[in-house]
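Participant: So the chains spell out like this:
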Amino acid sequence: MTEFPPRVDPHFDIEEYDPEADLMALNMGPQHPSTHGVMRIKLFLDGETIVKAVPYPGYLHRGVEKLCEKLTYVQITPIFDKHDYVAPMTNEQAINLAFEKLLGLEVPLRARVLRTILAELQRIASHLLWLGTFTLDIGGTIGGGASMMMYTFREREMILDLFEALTGCRFHYNTHCPGGNRHDVPEGWETVVKAVLDAIEPRFDEYEALCDNDIFLVRTEGIGVLPPDLALELGQTGPVLRASGVDHDLRRDAPYHAYDLVDVRVAVDDGCDSLARYKVRVAEMRESVRLVRLLLPMLPQGPIVGSKPIKSLIQFKAAAGQVYVGMETPRGELGTYLIGGGDQRGAAPYRCKIRPPSLHAMAALPYLLPGHFLSDVVTVLGSLDPIMGEVDR
Amino acid sequence: MNPIVHALVIGVPLLTFLMGGAALATWFERRFSGKMQTRWGPTVVGPAGLLQPVADALKMMQKEDIVPRAADRTLFNLAPLFPPFLVIASAAVIPFAATIDADGAVKATGVVADLDIGILWVMALAGLMVFPIWVAGWAANNKYTMLSGMRMVAQGISYEIPMVLCALVPVIFAGSLSLSDIVAYQAVHGWNALSLSPSAIVGAVAALLFFLASLAEANRIPFDIPEAESELIGGVMVEYTGIKFGIFMLAEYLHTIVASALTAVLFFGGPLGPGPAVLGLGWMLGKTLVLFVLIYWIRWSLYRFRSDQLMDLCWRILVPLSLVLVMLSALLVAGGFA
Amino acid sequence: MSVYEDLQARFDLPEVPPEGEPALVDVSRHVELAGALKDAGFTMYVTVCASHFPSVTPKVKKGQEPLPPTVEAWEVATVLRRPGPNSEAFAWRVRVERPVVPTLYELFAGADWQEREQYDLVGVIFENHPDLRRLMMPEDWDGHPLRKDYAIDTRVAPWR
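Protein sequence lines correspond, in order, to chains A, B and C.
Residues 473 to 865 (our numbering) are what the first sequence spells out, left to right.
Residues 804 to 1141 (our numbering) are what the second sequence spells out, left to right.
Residues 631 to 790 (our numbering) are what the third sequence spells out, left to right.
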């Protein structure tokens, strides 16, 4: 077991720091090329070393939770596309899983397998975008990082084309609804998926070759070390948690969709640093390719929506009750704490609390940044893979 | 020839070459990186997008010239003037062509001012380069530009040492500080970095280190810490708009060209090469172009170092190694191997 | 649900886990329950969800006696998870008539931001929280948007 540095107190008073030191307060953001959206980190610098970091999220707060209380269950799905705009597919699935549990709807097997395939494809697309932007942070927009980003976007485009063929949209799909899916698989889609996977898989080797150079290693190794106990306490999930050596993946540990039909091999790394998070994500992309290959032949014939037609859901009187449903999106556990409206509220949920994995990842910043250099801020931030749309909602 | 006429005859084409080359370099870089990244780059303006630099320059001149309220106005406006001036001045001592004397000796020509202390002049100007950047970073009164300026000073001063030490290797071989003499020496003894003589090993390592150090001096990836747009947004250029920003960019491209030319002269024979001496200019430009492409190839494929790692590399590896190279070259010369 | 059985007697939980919603726990046992769960392996802090139940007058049929209005209340539901194979989530809620609930920050560092968000949006004050500032809304925002008496079309001064 490696030795971890003592935990930083994120609330320590900056006045108590060495009075001799000439501290500089530097506001990184809200407009900054590397904050992955609009967020502000207030950094207290001693030279170029960070003494204290105070993140200020909320610049993209759109009041989605309030909106959900005014909309019907069917109307909420497209809003969820816009949280994590890098992985809209899994976002839709997360909210619909909660609805199905609250409303007690059965999802037919075909829809479940299709959702699993879509989730895994979305995971590849999301991690590809992450890899591109992460190397962009390390390598610069005018440099090696930009080349890498172009390559990853080339492959991501293929997956977006697949989604477009299925749903007609490249990004905000609105293809899930409580009880099933809206769009059935077009003819010949499976063959195209297979071809895309065959094209993408060898490219992972190329990415690894591009990243396996000394500069990448010295920039990521030992940067932003997140011990497993702190990761759990902070509620880290997904690749960030697995890169801290915790063997936890909801796809295997609490299967939903059709994950019980396949054997998910969970990628875990003990490194706890930015390099480990990179390794875990690349391994996950390979695993996703394998899962999609396994699942494609399993796609059974049958309906893709449950017995209740979609239209009647608008008038559906939701049962009162409270459920929490979590789902493994590319960024981690996207949970929904849902309080049903009951009779008096019609078709809208009474309260819909979203648990975004990115917000928890951002909460780790005050612990990870102190002691590092200014240049490491972008490495740590990039390796946590936050999506501001999801952090702020 | 009257020295003023001489300077004009050589200097005007040189200036044209440098300015045109810098403009062409922006076009070339964008096309080159486009080819590397499975995209096109500029194609619309002019044939194959060749007029894109003109369009860019026109656009930059039309942009609003903003001076931040808190900035030191005089220094802020003055700072962009110096980098291109310094770079062009340092190009004045670089020989671009060669002639053969009546007695068969190769003589480097095509140099605006063939100073006896040519290499010293280049190094002195490279050292001065730190000041306008630091002044720009300071005068803009922005924390990011100030950090960038401080990084620039640290990096510029540190990398000057291995650069000067490596430049000493050909100086010791040739026994002269004049770049023409260094070329003349290479005409007799073979290129400093590429020949069959034992000194070429020392020369090759020195060439590599010199090239790395001049990458750092020119703020190119993997050493572009002062620019570091992922954390410092754009370095000292953050607050500059319009043509002032353009001048900084121009200086960067000029710097890259001059650094390539200097490496070619010091280590790769400059205007020397097979064939008649008339081809000297072609050889010189060809070698410069190869090194120039190499710089951009590196730029578009590598990631960036962190500032402390950059200093580590300089003080722990480059400086000791270049000191060893200087001693080795002195021993070689004393032993009669070079 | 073995964990539930273990905790059932200790924390006066219902005999059978209530169907469809987490068990109610008295607010005085809130921190204690979280600590017990953490010791039982529920080390992952998943989420906290505060919700507002305003005072409403129940509708009655014509001719019936009017019922008294309900008491305004806040509920804070906390979810913890046991990581690893056969992962399991445990949720419980506390119901309070004053929006004051003890913080879980001492046990779970992740409660820091989550409780700040709930304070910001619902207005539940987490006692002994080290840094209870607004997280999402601007610092000078009036009111707590997710309260039921905060209308969705409330006109607000545009944010600077």
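Hint data in this document are derived by calculation from the structure and do not stem from the laboratory.
Note that the structure is predicted; figures quoted are calculated from it, not measured.
Ideal Cβ placement from N, Cα and C applies to all residues, glycine included.
Check before you lean on any hint, since a few could be wrong.
As the list claims (entries may be wrong) - Subject to a maximum C-alpha distance of 35 Å in a straight line, what follows is the list of computed DSBU-like cross-link-like pairs (lysine-lysine): (1) A:Lys538 with C:Lys689; (2) C:Lys692 with A:Lys554; (3) A:Lys573 with C:Lys691; (4) C:Lys668 with A:Lys573; (5) A:Lys554 with A:Lys573; (6) C:Lys692 with A:Lys542; (7) B:Lys838 with A:Lys554; (8) C:Lys691 with A:Lys666; (9) C:Lys691 with A:Lys514; (10) C:Lys691 with A:Lys554; (11) C:Lys778 with C:Lys689; (12) B:Lys862 with B:Lys838; (13) A:Lys666 with B:Lys838.
Said to hold, decoys possible - Which stretches of chain C does chain A cover? Using the computed rule of at least three CB atoms under 8 Å from a CB of chain A, they are: (14) 652-660; (15) 716-725; (16) 743-756; (17) 765-772.
Participant: Look at each hint and say if it fits the structure.
Facilitator: Hint by hint, here is what the structure shows:
1. A:Lys538 with C:Lys689: 25 Å, holds
2. C:Lys692 with A:Lys554: 45 Å, violated
3. A:Lys573 with C:Lys691: Satisfied, since the Cα-Cα distance of roughly 32 Å is no more than 35 Å.
4. C:Lys668 with A:Lys573: 26 Å, holds
5. A:Lys554 with A:Lys573: 22 Å, holds
6. C:Lys692 with A:Lys542: 29 Å, holds
7. B:Lys838 with A:Lys554: OK: lysine 838 of chain B and lysine 554 of chain A at ~34 Å, within 35 Å.
8. C:Lys691 with A:Lys666: 62 Å, violated
9. C:Lys691 with A:Lys514: Violated. Lysine 691 of chain C to lysine 514 of chain A sits at ~58 Å, over the 35 Å cutoff.
10. C:Lys691 with A:Lys554: The given pair, whose Cα atoms are some 43 Å apart, is violated under the 35 Å limit.
11. C:Lys778 with C:Lys689: 18 Å, holds
12. B:Lys862 with B:Lys838: Holds. Lysine 862 of chain B to lysine 838 of chain B sits at ~25 Å (cutoff 35 Å).
13. A:Lys666 with B:Lys838: Holds, at about 28 Å.
14. 652-660: With 1 residues closer than 8 Å to chain A, the segment 652-660 of chain C misses the three-residue bar; violated.
15. 716-725: holds (count 6)
16. 743-756: Coverage by chain A holds here, the residue count being 4 at a Cβ distance below 8 Å.
17. 765-772: Coverage by chain A holds for the segment 765-772 of chain C (4 residues, Cβ < 8 Å).
When held up to the earlier numbered hints, the structure conflicts with 2, 8, 9, 10 and 14 and fits the remainder.
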